[in-house]
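As you go down the protein sequences, you meet chains A and B in turn. Per the numbering used here, the first sequence runs over residues 1 to 694. Per the numbering used here, the second sequence runs over residues 1 to 694.
These are computed hints drawn from the structure, not numbers from a lab. Each hint should be verified, as a subset may be incorrect.
Pairs involving identical chains hold if they fit within one copy or between any two copies, as the list cannot separate such chains.
What the hints assert, rightly or not - Straight-line Cα separation of at most 27 Å, DSSO-like style, residue types lysine-lysine; simulated pairs:
1. Lys654 <-> Lys109
2. Lys385 <-> Lys97
3. Lys219 <-> Lys88
4. Lys97 <-> Lys690
5. Lys109 <-> Lys190
6. Lys654 <-> Lys88
7. Lys348 <-> Lys88
8. Lys88 <-> Lys190
9. Lys666 <-> Lys109
As the structure is a prediction and not an experimental result, all values here were calculated from the model.
Each chain is listed here by its residues.
There are 2 protein chains.
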Amino acid sequence: MFVPRIPLPLFAWMTLCLLCACQANAQGQPSLSLMPLPSSYEFGTGHLTIDPSFTVALSGYREARLDRAVDRFLRNLARQTGLPLNVKYARTGDASKATLAIHTSHASKAIQEPGEDESYVLEVTTSGAQLAAANPLGILHGLETFLQLVAITPGGFAAPAITIQDRPRFPWRGLMIDAARHFIPIDVLKRNLDGMSAVKMNVFHWHLSDNQGFRVESKRFPRLQGFGSDGLYYTRDEIRDLIAYARDRGIRVVPEFDMPGHSTAWFAGYPELASGPGPYEIERRWGVFDPAMDPTRESTYQFLDAFIAEMAQLFPDRYFHIGGDAVNGKQWDANPRMREFIRLHDLKDDQGLQAYFNKRIQRIVTRRGKIMIGWDEILHPDVPKNVLVQSWRGQQSLATAAQAGHRGILSSGYYLDLIWPAERHYAVDPMTGAAANLGPQEQARILGGEACMWAEHVSPETMDSRIWPRNAAIAERLWSPAEVRDPASMYARLEEISRRLDWLGLTHNSNYVPMLERLTGSGNIAPLRTLADVVEPVQGYQRSALATTEPTSATPLNRLIDAARPESMAARRFAEQVDQFLAGQHREEDSAARLRAQLALWRDNDSKLQPLIGRSFLLEEVAPLSQNLSTLGAAGLAALDFIARGEKPSEEWKAQQAAVIEEARKPKAQLLLTVAPAVTKLVEAASFQKPSPE
Amino acid sequence: MFVPRIPLPLFAWMTLCLLCACQANAQGQPSLSLMPLPSSYEFGTGHLTIDPSFTVALSGYREARLDRAVDRFLRNLARQTGLPLNVKYARTGDASKATLAIHTSHASKAIQEPGEDESYVLEVTTSGAQLAAANPLGILHGLETFLQLVAITPGGFAAPAITIQDRPRFPWRGLMIDAARHFIPIDVLKRNLDGMSAVKMNVFHWHLSDNQGFRVESKRFPRLQGFGSDGLYYTRDEIRDLIAYARDRGIRVVPEFDMPGHSTAWFAGYPELASGPGPYEIERRWGVFDPAMDPTRESTYQFLDAFIAEMAQLFPDRYFHIGGDAVNGKQWDANPRMREFIRLHDLKDDQGLQAYFNKRIQRIVTRRGKIMIGWDEILHPDVPKNVLVQSWRGQQSLATAAQAGHRGILSSGYYLDLIWPAERHYAVDPMTGAAANLGPQEQARILGGEACMWAEHVSPETMDSRIWPRNAAIAERLWSPAEVRDPASMYARLEEISRRLDWLGLTHNSNYVPMLERLTGSGNIAPLRTLADVVEPVQGYQRSALATTEPTSATPLNRLIDAARPESMAARRFAEQVDQFLAGQHREEDSAARLRAQLALWRDNDSKLQPLIGRSFLLEEVAPLSQNLSTLGAAGLAALDFIARGEKPSEEWKAQQAAVIEEARKPKAQLLLTVAPAVTKLVEAASFQKPSPE
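Could you build the full structure based on these sequences and the hints that come with them?
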């Protein structure tokens, strides 16, 4: 099988689809399920066997980071295969004898920058593999690709013979984690950096301050963490350690200190920074709040100058994020000094005042050798062009920014906290929408995008399952060619990468059962799992909207909504099966029998779950959801009966089912029964069936 | 309900059994499932609710270890409930307002010793809880008890009102981990120390050297780790850190350096220590080997004197384990100098020579302020009485040692690597057998016991599942009153503690699915899991005996036998159901239907599993096992049919089934189908049924 080398990504992709399908179906063949898919590749013949004699050699440019990368690669390979690879013996100096020979041409920059060469070439033959890259960044990516190539086969663990030439589509592929609203310990961040590295993301955007917490140790202003963090903050040593950990994985760390709004936590220790009178306490609720920094006082800029100087030194990245989003202006409007300042400086309004603030901050940031980033609210004619814009309000603002001469990254469409299915994120492309109409120079200003994990409803325990595996779909969007966009292929590979991420210690899969066991208070979770497998948290901002009591930072995140996965794979598979059944295999007995077994399980589940619900205060809210699942199961079974008999149901039955389904589609306990649409299809198929030709 | 306070453990235990049963059955009531069971207690009325307002106060004697213990307790409570407990705010100085008020009378010893007061009193009422102990050791145990009391209820998380007065039966309750044969990283040891602490074990016996590896950094003799460890050893800092970690959990760390045998790894760097000519390499095979230290040369004792001096400083515990087991004497017999030495010193034979060695070592150990421990081979009239004997060869040697004036601990019957069911370990009591006939003074010399985890076939990945949950049964044997010995109660609580141990990061449950996924190379593990759930590794030393190629330290531990649990809970439940069915509910339809469903699942499983087997070289060996499970399923179903019809099967059928069962009882892939005995019962019941009275 031959696929031309780059630059034919579309052809490559189509061929790969075929290959995937054929390999997955062929007994005994490993399937090629890389995520993200490489930009181009060419299959060879046969496999390279991976066994305990596996060795690695490094040649060309050397640095300690490469040695650590190889050691980590070997440990990951050992974990994923269970082979006893000893890091000491698996390293060899003789490239000609190594199973995997790595060649690096030269160093990457001392401080990683967007746009550095991240490409690599990986060639696997039956006798060995060669990985080559211009600099260590490409090597890091190539090692992750190699790990993903290794699969179990009838002949042993093996990687298929293949030549991969790979490079990213976008230079900026990020994940933002909000560590302000819920504090996220370093070990949780580290395993997520491991996950990012596995899917070739290269920017960790660390949202470090907000109304609900200031999470960095400041030497210069210790009351920031002292009064603004509940004792939950990162020490300077921890931060330096995390930055080194990220650099080892080819990941930049961009800090964000949100200002002038989202800053209540600063004011707990330094109320003089605020536009309104204090005292202030850490905010415990979620939402947009009034407190904002006072942009009219020189003392504010003196404070921020000293603060940014300290942070610019702690965080080596060239980019520095100042937030700049969502100031509601209430404190400014209420303060006569502000109105006078706006008039005196001819700033028009609050937006003008914020632009003034941004310009002042930009000068401070620039003086410290950094490039400023802000959310798209900072877009204002007065804001200097070298400011990078992070677009969260829509693709239009990204295009607008590019037209105005700003470089930008897209986050609109990549908010993981909105609990969208992976395919919805996957369909969002930084270059489509308004960006599609930009000229080449403007398009070149679009550097990529960032997934965002806002943490109102996320704890260290649940964070991994909100990020993974969906984040891998966003990572592929930002790395792979634009033509790679088939959701079916994405989902097949997403399930595979999700499983592989388990070896890195990510808890998106492993926490599921313990959290269900906590809810039942016992190891008997089968009926709860049957329900949990087919529910999803409500999307968008409905979780707060539908809450019976206002959620705060003291709200436990231990309910079914927290254990439930953002996307139900079981429901997706059931919907596929219903579609296949209705598409023509009505009389195919297997297909109907499979649906029946599933529907009967749901119908009978409520009577098994209710006793567990009676014993657990946390399950009380789940009772109506469980009843609805049973009702849906019964409705689906009845619909199958009508279809099997070729009999049209009565109007009364139809009305009953419509009512059942309407009820089942309503969120309960902020959860949706994701099988309702597929059952609706069955009921409609029964209701509107044509007379059987038989 | 009233139960008299200590010392009425038998009555308490019987009442507790009743309580457990009644509480487990009562809907909405939390069951009391402590492990180990306390020595006495008295139930109150109602519950103490555990919510985010939970606070802890410390009074009386204070030390940093207590503060760390409370912080850890709070983090564990938060993890197990999902409540957002902030360590900073959950601490209060005001004992009268605290949910849990802790009072400590005085310090424990600076270096923990066996026999220190470990008792505590925990009183929980509806309004608060009080924990009191003489010293921090009792507080540590009481906190673990409190964590186990907290359960989910219809009204919230709660601990039942109860007064517990608890103290250990034995002062020495240990777990030995062999880190020599497979190196076990510090983080794996730490989570196992967490587990030990949860079940109130207080000695971590660290087997640090053997033929296959020398695992400690020696400053004085760096060739020990340099040539004897493949680079896999603990640094001195790591050791100090682990010892501090253990002390924080009320656990002593007893190091073992096995000598004069089991010492090939020493000779890789220092061949001059050996009785035979070198050179030596790290041993890669398992078993008993010839190399032994030279007990005839003064230079050996000079070396060991310096070495023990260094290690005695590194390991603060009063006890120092010198192994002393299994010298086969071949090197000694082959060496004329040895024979001459034996004659000159009137030592009779090799055993006399070893006793001479032991005596010399004992003097060195004593000079360093330590008490020597050795395996029961060291028992010899010439060995000083203050040497503590660890009995592994049987209970007789423990009694013999006690009669000879030695203190001793029992490990015979507690070898976790023999893959016995928990109840078999649980039935072993240090005070029964030969020990039962000892006088009180001799009995007092029996300090307790140690579970042993020898690591020929154990990797860091599989270790937790070989230790847990079975080790909790041994922990209960060593802590709880002798009268606590009902296996049914133990198993009920074992499943509960197993689940709770998950929160500590132990991987005995969480590694199961990923290891099965590795075997299938996909997320589709259902049929493999059906099989894996009902197999157990062969017991005793059969794993090596049945191996097709000799296992070594390079043998991957990634097969089904490594994923399989040492004890199949599914098989145990099935056996119970069969017994219940045969005991008289023949005509009870539910009982028969449940058996039928299970048997049909097994019968139909092979056709689902075979395609997965075809794709994985690691599953090839499993094919006959899978076929046998199907055959057993079919046999059981046929037996049920005969029973249902009241019809006696033909002789031919009986003969066929006998052959099927005989085949199914044979180990395959070193695994046993644990449902074979229960199916045999069904087949026999069908074969020998009396005419139905109907």
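Verification of the supplied hints:
Taking identical chains as interchangeable, the C-alpha atoms of Lys654 and Lys109 are never at most 27 Å apart, the minima being 67 Å within one chain and 77 Å between chains. In this assembly of identical chains, Lys385 and Lys97 lie within 27 Å of each other by CA distance neither inside one copy nor across copies; the values are 53 Å within and 58 Å between. For a Cα distance limit of 27 Å, the shortest separation of Lys219 from Lys88 across copies, 21 Å, qualifies, whereas the shortest one inside one copy, 41 Å, does not. Taking CA atoms no more than 27 Å apart as the test, Lys97 paired with Lys690 passes in neither setting, with 69 Å inside one copy and 73 Å between copies.
Taking identical chains as interchangeable, the C-alpha atoms of Lys109 and Lys190 lie at most 27 Å apart only when both belong to the same chain, with a minimum of 23 Å there against 38 Å between chains. In this assembly of identical chains, Lys654 and Lys88 lie within 27 Å of each other by CA distance neither inside one copy nor across copies; the values are 70 Å within and 58 Å between. With identical chains, the CA atoms of Lys348 and Lys88 are never at most 27 Å apart, being 67 Å at best within one copy and 46 Å at best between copies. Taking CA atoms no more than 27 Å apart as the test, Lys88 paired with Lys190 passes in both settings, with 25 Å inside one copy and 24 Å between copies.
Taking the shortest alpha-carbon separations for Lys666 and Lys109, neither the intra-copy value of 53 Å nor the inter-copy value of 62 Å comes in at or below 27 Å.
When held up to the earlier numbered hints, the structure conflicts with 1, 2, 4, 6, 7, 9 and fits the remainder.
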